[in-house]
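Please build the complex by placing chain H on the supplied structure of chain D, with the hints as guidance.
2 protein chains.
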Amino acid sequence: MTLPAPPVAVVGLGQLGGSLAAALAAAGRPVTGWDVDPAACEAAAARGVRVARELEGVVVLAVPLPAMASALDDLTVAPDATITDLGSVKRPVLDTVGARYGSRFVGGHPMCGTERSGFAAVDPALFAGARWAVCLDEGTELPRWLRVAELALAVGAEVVPVTSDEHDAAVAAVSHVPHLLAAALAAGAAEAGPLALALAAGSFRDGTRVAGSDPAFVTAMVDGNAGPVAAALDRVRGQLDRPWPELVAAGHAVKAATDRRRPVRVPLERSALLELGRAGGAVTRRLAAFLEGWIPE
Amino acid sequence: MTLPAPPVAVVGLGQLGGSLAAALAAAGRPVTGWDVDPAACEAAAARGVRVARELEGVVVLAVPLPAMASALDDLTVAPDATITDLGSVKRPVLDTVGARYGSRFVGGHPMCGTERSGFAAVDPALFAGARWAVCLDEGTELPRWLRVAELALAVGAEVVPVTSDEHDAAVAAVSHVPHLLAAALAAGAAEAGPLALALAAGSFRDGTRVAGSDPAFVTAMVDGNAGPVAAALDRVRGQLDRPWPELVAAGHAVKAATDRRRPVRVPLERSALLELGRAGGAVTRRLAAFLEGWIPE
Numbered sequence: 001m002t003l004p005a006p007p008v009a010v011v012g013l014g015q016l017g018g019s020l021a022a023a024l025a026a027a028g029r030p031v032t033g034w035d036v037d038p039a040a041c042e043a044a045a046a047r048g049v050r051v052a053r054e055l056e057g058v059v060v061l062a063v064p065l066p067a068m069a070s071a072l073d074d075l076t077v078a079p080d081a082t083i084t085d086l087g088s089v090k091r092p093v094l095d096t097v098g099a100r101y102g103s104r105f106v107g108g109h110p111m112c113g114t115e116r117s118g119f120a121a122v123d124p125a126l127f128a129g130a131r132w133a134v135c136l137d138e139g140t141e142l143p144r145w146l147r148v149a150e151l152a153l154a155v156g157a158e159v160v161p162v163t164s165d166e167h168d169a170a171v172a173a174v175s176h177v178p179h180l181l182a183a184a185l186a187a188g189a190a191e192a193g194p195l196a197l198a199l200a201a202g203s204f205r206d207g208t209r210v211a212g213s214d215p216a217f218v219t220a221m222v223d224g225n226a227g228p229v230a231a232a233l234d235r236v237r238g239q240l241d242r243p244w245p246e247l248v249a250a251g252h253a254v255k256a257a258t259d260r261r262r263p264v265r266v267p268l269e270r271s272a273l274l275e276l277g278r279a280g281g282a283v284t285r286r287l288a289a290f291l292e293g294w295i296p297e
Numbered sequence: 001m002t003l004p005a006p007p008v009a010v011v012g013l014g015q016l017g018g019s020l021a022a023a024l025a026a027a028g029r030p031v032t033g034w035d036v037d038p039a040a041c042e043a044a045a046a047r048g049v050r051v052a053r054e055l056e057g058v059v060v061l062a063v064p065l066p067a068m069a070s071a072l073d074d075l076t077v078a079p080d081a082t083i084t085d086l087g088s089v090k091r092p093v094l095d096t097v098g099a100r101y102g103s104r105f106v107g108g109h110p111m112c113g114t115e116r117s118g119f120a121a122v123d124p125a126l127f128a129g130a131r132w133a134v135c136l137d138e139g140t141e142l143p144r145w146l147r148v149a150e151l152a153l154a155v156g157a158e159v160v161p162v163t164s165d166e167h168d169a170a171v172a173a174v175s176h177v178p179h180l181l182a183a184a185l186a187a188g189a190a191e192a193g194p195l196a197l198a199l200a201a202g203s204f205r206d207g208t209r210v211a212g213s214d215p216a217f218v219t220a221m222v223d224g225n226a227g228p229v230a231a232a233l234d235r236v237r238g239q240l241d242r243p244w245p246e247l248v249a250a251g252h253a254v255k256a257a258t259d260r261r262r263p264v265r266v267p268l269e270r271s272a273l274l275e276l277g278r279a280g281g282a283v284t285r286r287l288a289a290f291l292e293g294w295i296p297e
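Heads up: the protein sequence lines correspond to chains D and H, in order.
The first sequence begins at 1 in my numbering and counts up by one.
The second sequence begins at 1 in my numbering and counts up by one.
Next comes chain D alone, as it looks inside the complex (with noise of 0.2 Å):
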């Protein structure tokens, strides 16, 4: 039940751009990557990615999301092309990009970075295992969504189907509030003083660690997604008010959560994939007229 596998280029080639091509590479598909830095390339080209400005398929938009809207600016792009990106949020990137490319444009959003970055950090294994929204709003037609799912599950990723307002919700609870805890986790403690930064051990190296990451990053992340960011650091901090013996328990309970999964199927269409996604299922395989997944029982 093999299907059509469209040639995939990649635009950026620093940690999550440059593994996505190796990983395609390495399982033979065709792929082409670009990059504006000729160190990215010439690593990429050494795992089997073909260097070129010439982009058709599936492009894969993998830059800072500052950059994303003026990726493609240089660059020839086959008029059928599907668009689609690796940024951490995306209604932003819907309201640039999508605007520009309408329906042919379908987000995406790996959930597998590390606080690493550029080329040097390329992994082809860093999707294996991973959930990777796939966004599904208003417009976007099914087929190519099917193309970028397709994708994702080629480098062994799980497909979270989303509307990209319901990803950027999710994502400021789970990634982006992280960072600014991290954050503040660590500022906090250098006010405390030298003596407390000498007696930090594993609760703090590993409550701070995304706080090793690129501020410039950092900071594009949660500012273009401040209202779901700041909904959900509101959320944490009505958690911290709470007594403590209530507050531990309720963390302790959602930690030790067992992750039971019942096999289902899903008819290719849009809203009994956005059902699927609210629910916390992922899709892991597309047979003909369905696409096999798991839902948390």
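Heads up, a few of these hints could be off.
[Unchecked claim] Listed next, with one range per pair, are the computed distances between beta-carbon atoms: (1) D:ASP165 to H:PRO245: 19 to 25 Å; (2) H:GLU275 to D:THR96: 54 to 60 Å; (3) D:SER70 to H:GLU297: 40 to 46 Å; (4) H:ARG260 to D:GLU292: 50 to 56 Å; (5) D:GLU138 to H:ARG261: 55 to 61 Å; (6) D:ALA125 to H:ARG285: 40 to 46 Å.
The set of hints was computed from the structure by calculation and includes no laboratory data.
These numbers were taken from a predicted model, which means no experiment stands behind them.
Heads up, the beta-carbon is just placed ideally off N, CA and C, and yes, glycines get one too.
What follows is chain H alone, placed relative to chain D:
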């Protein structure tokens, strides 16, 4: 320049106590152990620990905070033994155990637990390179402080001299507040719904790791240090109110600071030792009339 190594007796053979007893036994040092759980005693005996209820030398209380005050009730303790503990808060232990044993008590806290617990989590290398706070309070006898410090050095830790109150303020910021932030992050994400939890990845996993700890243990820890934890949490709340670019930059600066050390010699004298601790330094070795250590540059 070897110094007398008094016998050590460890009461409570879970992760911390069991690891300490195992590390000492592995180093060929006489060590006695006791636990109310026969299985924990058996596991320690298999690592070369002598299981007995008669304790002498340096007696280490490695039991949960609520059990600390009564841990020695049914055991025989030599009248000149030095009593220390491994509890995660020091003022409440000073007020209970310290009140009972007077100047024979020296509080301590190795900064190296994990979210695991019990004798199955024993690791003789647990203390290697860790900081170990050893309390020098008003009534602490310096020779007994040195015995506890030597025990910490013997298993590869670096000793941070502190008062009990300084310790509690410092660990509130770097160890206790991280547990509350982890719980609030997990509970806040659960409020956001199943889609958010399905998209959770590295930053959420790291930011919530310690929410996996035993909630009874965490609650005893934060409630046992309520004042300093509330103060440290308020500092974090204040940080979260800053403009995000400023907050992100401040957190990153703390995380990116390089750990530059200058070797120092510190006289065996209370105020000099406490000054070293306040500056963020640590003791690494005892010479005849000095301690060797380092201080941040």
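Hints, one by one, checked against the model:
At roughly 24 Å, the beta carbons of ASP165 of chain D and PRO245 of chain H sit within the given window of 19 to 25 Å. Remark: the range hint 54 to 60 Å for GLU275 of chain H to THR96 of chain D is upheld by a beta-carbon distance near 56 Å. At about 44 Å, the CB distance of SER70 of chain D to GLU297 of chain H agrees with the hint of 40 to 46 Å. Against the hinted window of 50 to 56 Å, the Cβ-Cβ separation of ARG260 of chain H and GLU292 of chain D comes to about 54 Å, which satisfies the hint.
The beta-carbon spacing between GLU138 of chain D and ARG261 of chain H, approximately 58 Å, falls within the hinted interval of 55 to 61 Å. At roughly 44 Å, the beta carbons of ALA125 of chain D and ARG285 of chain H sit within the given window of 40 to 46 Å.
Against the hints set out earlier in the document, no violation occurs for any number.
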